[in-house]
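Asks: Start from chain P and add chains F and G according to the hints.
So you can see what is in the structure, the chains are spelled out below.
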Amino acid sequence: MDWSNVALGIQTALTPTNLLFCFIGCVLGTAIGVLPGIGPTATIALLLPITFNFEPVSSIIMLAGIYYGAQYGGSTTAILLNLPGETSAAVTAIDGYQMARLGQAGKALATAAIGSFFAGTVATVVLAAFAPPLADAALKFGPSEYFSLVVLGLVASIALASGSMWKALAMIVLGLLLGMVGQDVETGLPRFAFGARELYGGLNFVSLAVGMFGVAEILRNLQTGIHRPSMVGEVKDLRLNRQDLRQIAGPIGRGTLLGSALGILPGGGHVLASFTAYSMEKRLSKHPERFGKGAIEGVAAPESANNAAAQTSFIPLLTLGLPAHPVMALLIGAFIIQGITPGPNVISDEPVLFWGLIASMWVGNLMLVLLNLPLIGVWVKLLSIPYRILFPAIIAFSTIGCYSLGLNTYHVFAIAFFAVLGYVLIRLGCEPAPLLLGFVLGPLLEENFRRAMTISKGDATVLLTRPISLTMLIIAALLLFAAVAPSIRKKREVVFAEDE
Amino acid sequence: MVSASSTPLGPPSAPVSGRFLRRAAGLATVGVALAACGSGGTTGATAGVNYPTQTITIVVPFSAGGPTDTVTRLVAEPMSKSLGQQVIVQNVEGAGGTLGAGEVASAKADGYKLLLHHIGMSTAPALYANLPYKPLEDFKTIGLVTEVPMTIIGKSDLAPNTLAELVAYAKANKATITYANAGVGAASQLCGLLIEKAFGVDLTEVAYKGTGPAMTDLVGGQVDFMCDQTTNTTPQIKAGKVKVYAVTTAERVKSLPDVPTTTEAGLPDLKVGVWHGLYAPKGTDDAVIKKLTDALAAALKDPKVIAKMADLGSAPVAADQVTPAAHTKLLTAQLDLWGPVIKNAGVKTS
Amino acid sequence: MSRLSRDDLLAGGIFLAFGLAFALTSATYDIGSLLRMGPGYFPMVLGIILSAFGVAIILTAVLKAVRGHPATAGLDEGGIPWVRGALVLAAIMLFGFMVAPLGLVPALLVATFLAALAGHGTSPLGAAVISVGLTVLCIVIFVVILQLKLPLFPTGG
Numbered sequence: 001m002d003w004s005n006v007a008l009g010i011q012t013a014l015t016p017t018n019l020l021f022c023f024i025g026c027v028l029g030t031a032i033g034v035l036p037g038i039g040p041t042a043t044i045a046l047l048l049p050i051t052f053n054f055e056p057v058s059s060i061i062m063l064a065g066i067y068y069g070a071q072y073g074g075s076t077t078a079i080l081l082n083l084p085g086e087t088s089a090a091v092t093a094i095d096g097y098q099m100a101r102l103g104q105a106g107k108a109l110a111t112a113a114i115g116s117f118f119a120g121t122v123a124t125v126v127l128a129a130f131a132p133p134l135a136d137a138a139l140k141f142g143p144s145e146y147f148s149l150v151v152l153g154l155v156a157s158i159a160l161a162s163g164s165m166w167k168a169l170a171m172i173v174l175g176l177l178l179g180m181v182g183q184d185v186e187t188g189l190p191r192f193a194f195g196a197r198e199l200y201g202g203l204n205f206v207s208l209a210v211g212m213f214g215v216a217e218i219l220r221n222l223q224t225g226i227h228r229p230s231m232v233g234e235v236k237d238l239r240l241n242r243q244d245l246r247q248i249a250g251p252i253g254r255g256t257l258l259g260s261a262l263g264i265l266p267g268g269g270h271v272l273a274s275f276t277a278y279s280m281e282k283r284l285s286k287h288p289e290r291f292g293k294g295a296i297e298g299v300a301a302p303e304s305a306n307n308a309a310a311q312t313s314f315i316p317l318l319t320l321g322l323p324a325h326p327v328m329a330l331l332i333g334a335f336i337i338q339g340i341t342p343g344p345n346v347i348s349d350e351p352v353l354f355w356g357l358i359a360s361m362w363v364g365n366l367m368l369v370l371l372n373l374p375l376i377g378v379w380v381k382l383l384s385i386p387y388r389i390l391f392p393a394i395i396a397f398s399t400i401g402c403y404s405l406g407l408n409t410y411h412v413f414a415i416a417f418f419a420v421l422g423y424v425l426i427r428l429g430c431e432p433a434p435l436l437l438g439f440v441l442g443p444l445l446e447e448n449f450r451r452a453m454t455i456s457k458g459d460a461t462v463l464l465t466r467p468i469s470l471t472m473l474i475i476a477a478l479l480l481f482a483a484v485a486p487s488i489r490k491k492r493e494v495v496f497a498e499d500e
Numbered sequence: 001m002v003s004a005s006s007t008p009l010g011p012p013s014a015p016v017s018g019r020f021l022r023r024a025a026g027l028a029t030v031g032v033a034l035a036a037c038g039s040g041g042t043t044g045a046t047a048g049v050n051y052p053t054q055t056i057t058i059v060v061p062f063s064a065g066g067p068t069d070t071v072t073r074l075v076a077e078p079m080s081k082s083l084g085q086q087v088i089v090q091n092v093e094g095a096g097g098t099l100g101a102g103e104v105a106s107a108k109a110d111g112y113k114l115l116l117h118h119i120g121m122s123t124a125p126a127l128y129a130n131l132p133y134k135p136l137e138d139f140k141t142i143g144l145v146t147e148v149p150m151t152i153i154g155k156s157d158l159a160p161n162t163l164a165e166l167v168a169y170a171k172a173n174k175a176t177i178t179y180a181n182a183g184v185g186a187a188s189q190l191c192g193l194l195i196e197k198a199f200g201v202d203l204t205e206v207a208y209k210g211t212g213p214a215m216t217d218l219v220g221g222q223v224d225f226m227c228d229q230t231t232n233t234t235p236q237i238k239a240g241k242v243k244v245y246a247v248t249t250a251e252r253v254k255s256l257p258d259v260p261t262t263t264e265a266g267l268p269d270l271k272v273g274v275w276h277g278l279y280a281p282k283g284t285d286d287a288v289i290k291k292l293t294d295a296l297a298a299a300l301k302d303p304k305v306i307a308k309m310a311d312l313g314s315a316p317v318a319a320d321q322v323t324p325a326a327h328t329k330l331l332t333a334q335l336d337l338w339g340p341v342i343k344n345a346g347v348k349t350s
Numbered sequence: 001m002s003r004l005s006r007d008d009l010l011a012g013g014i015f016l017a018f019g020l021a022f023a024l025t026s027a028t029y030d031i032g033s034l035l036r037m038g039p040g041y042f043p044m045v046l047g048i049i050l051s052a053f054g055v056a057i058i059l060t061a062v063l064k065a066v067r068g069h070p071a072t073a074g075l076d077e078g079g080i081p082w083v084r085g086a087l088v089l090a091a092i093m094l095f096g097f098m099v100a101p102l103g104l105v106p107a108l109l110v111a112t113f114l115a116a117l118a119g120h121g122t123s124p125l126g127a128a129v130i131s132v133g134l135t136v137l138c139i140v141i142f143v144v145i146l147q148l149k150l151p152l153f154p155t156g157g
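Here the protein sequences come in this chain order: P, F and G. If you read the first sequence in this note's numbering, its first letter stands for residue 1, the second for the next number, and so on. If you read the second sequence in this note's numbering, its first letter stands for residue 1, the second for the next number, and so on. If you read the third sequence in this note's numbering, its first letter stands for residue 1, the second for the next number, and so on.
In isolation and in its complexed conformation, chain P is listed as follows (with noise of 0.2 Å):
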């Protein structure tokens, strides 16, 4: 690591100005993220515009403060109202909505600050030190590594279910199919669209999360004769105790770890990141069964993976001018409207961009934490609003904010389809999690998986012969065997705890 670099950015992300952006860019992340509904890459979406009148550097910093400070808010609705806007928060829901039906919501905040903030930290490092040969490692990965590595996260997905293991594959199995749904990228044909062309793009992430998870929560808080308790009147411990910062340790830096590596891969490592972290906390907890009840390590993990990864998942971006991911394809179009050209050159050609980038990174972090960390109350105090105005309230942001990302009326409709999915599936004791993981990794699956064999010939051996795609299928068969096989059945019932 070049010092003078370092001091660079240091003195770049601490102009008055940069700083100003940075914290514009976190607060307003923040504000739009925790509208239910959308996650990160709507918030982007929607305020990239107005950071194309600002000068170039503080441009890209007051984005990357949205991009992150989206994550923070997007967590926020995640947990309080069991509204997530991106995968990574969907796995933040599992448990942090229990903990917030629980009283716990001050507790599930925090954790989600502090591990992201940790994670933030250490992937900023990260960054600043390894970029440029992590990149180049990350190359390596063609269609054959992503294939299975994506078969690796489908089976470690498994584990979001606390419920039964043929219901989970089933649910991820949907979802892969739900992912079909548009165009098919080789031959243009829509397929499952009805001939309708506002569904060759596919059906909308948002739709289906609001849909299964926020809407079909409505649904069953609506059923007659169950008065949800209201959650605030409950509101127990806003901080953190010593107990909880033990259980908590551990996670985050293990979710730290493995967000920071997935984030790197351009492919797509990064959405990844929070479910994996979560499943293998599941895995090494000696109490698994608190999983899905709400666990606070099942925050405290896939909170901070997630942020690693948005965090390193700038690196293919910022070395190789590659987006790993739908906001940084959007940023790559903000460098060019700043006259940046986004390729290998960045770290050389704009020194003052790249390292002040990185060291704004840091801060936003820092700003963000500052800022969220006493806003927790004024967020647990939302829950406070009586559930007959909050929930229509719910339903009015989400069908606009869906409605906004294209003016497209079929993702509004959506929603409705996909509550009423979700509502009957949950009832039936099937998880809605796994279902959106499907979802998110079925074209990555199919996409790979053509273009590995057009490459090489239809000669399927190829997933097995090189040799990190090998690595990868051994482990997920593995895991699958160790979740199947008759002979540890009672780890797996344990694993897999049938509750209720």
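These aren't lab readings, by the way, just hints derived from the structure by calculation. Just so it is clear, the structure is predicted and the values come from calculations on it, not from any experiment. Just so you know, even glycine gets a beta-carbon here, dropped at the ideal spot from N, CA and C. Among the clues, some could well be false.
Unchecked claim - Per the computed footprint, the stretches of chain F lying under chain P, defined by three or more beta-carbons under 8 Å from a beta-carbon of chain P, are:
no., stretch
1, 66–75
2, 86–92
3, 95–103
4, 174–185
5, 206–215
6, 220–230
7, 234–240
Replies: Positioned in the frame of chain P, the structure of chains F and G alone reads:
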């Protein structure tokens, strides 16, 4: 709804639904009343003289941050200065740009909703069977904006060093050579179709969702070669992460002065550029079109616009191309070119 | 033999139905080969796998019943909120139908009014108040602060 909360289960009782209906009827009245005040406020679209009197929206049929969006935002700002009204950009993405184009085709022809579309305007009729609009008949052209050149590039350790060698190599290795494209209808896929024709080889195409991932795999050496806009390829070329064979324009590109054109390299038919044009719905007043053409032409002379387009490896089109006539001519020629090429290749999306 | 789990049977049935629907629809697309997979290949395989999982869930439930295990319960019990649920869904659907032709304000008023009506102990008057309040709040957030270019009223286009 107080009574309903005490109703345990089963279908809603008659009084509930009766009240519900009355409420719905009441709401409908409110809706109509609101509709009335809403439309009362808007001015008529007759006068080209006073145009523009309100905010103008340019629809981009692709997502924010993409190349077309970037081009649009570059011209929108100077256009709003010369028109004296705010010009804003709205992204209506989906179905290869046909959703956004369809929305403008059916919009009111008052000059307040325009479309900035690229080469896809001329390929959509061949790609999409049930297009709800006809490019030539349902739009009025305002003028061309820019043409982004394309480059043929290969992975850094691909054996051939010139375009001629690449042709020979592709013929000799037609079973194994792979061509990356960014999905159906993308510029890289269209260029691939022309390459197949020019090279006389059937390529094994590996499809990606967008240029980003395709470029990632090219830089990583997973696929052999591709052809994409200078916007995406120039940084990788300059950093030496990919090999460059040719630019697909008639003349060399300023930002890549050492790279030969396809004509120089012996394949004059291999010419393709991603051109962008501005459209209004059919029936728009000619006086309005004139004002828009003038504003666009002025924007394309703005030094800031020229400088930023140069960063994209592009430039505004020549002044005589910023006219409805030149725009219509190019659109017609491109529709005639791509229709047969796409049909022969058997690409059809529905 | 104990009682069959109705939940498991239903869940299995739903997965089986989805699996078959996807597999059968995929059959109308080009399947292709392993070398050149058509658009139908992957969804066809996944559809069959999903159907198999559906069958597995049904069989497991039957086996459990035969062996006399007690049926596993779903995540919640209690009645289905038909009227309230329908109001919430109608709110979402109507917003979708109204927002493009009529603009944000009418769509929001109707949607939030219907949704609010679904609340426990909300009178029509109360719902109207909530509806107006939320509409104003949404307009302030999305249109005034976020500057989203969404028409508020019918544009007459």
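Asks: If a hint holds in the structure, say so; if it doesn't, say that too.
Replies: Consistency of the hints with the structure:
no.	hint	in the structure
1	66–75	holds (count 6)
2	86–92	holds (count 4)
3	95–103	holds (count 6)
4	174–185	holds (count 6)
5	206–215	holds (count 8)
6	220–230	holds (count 4)
7	234–240	holds (count 5)
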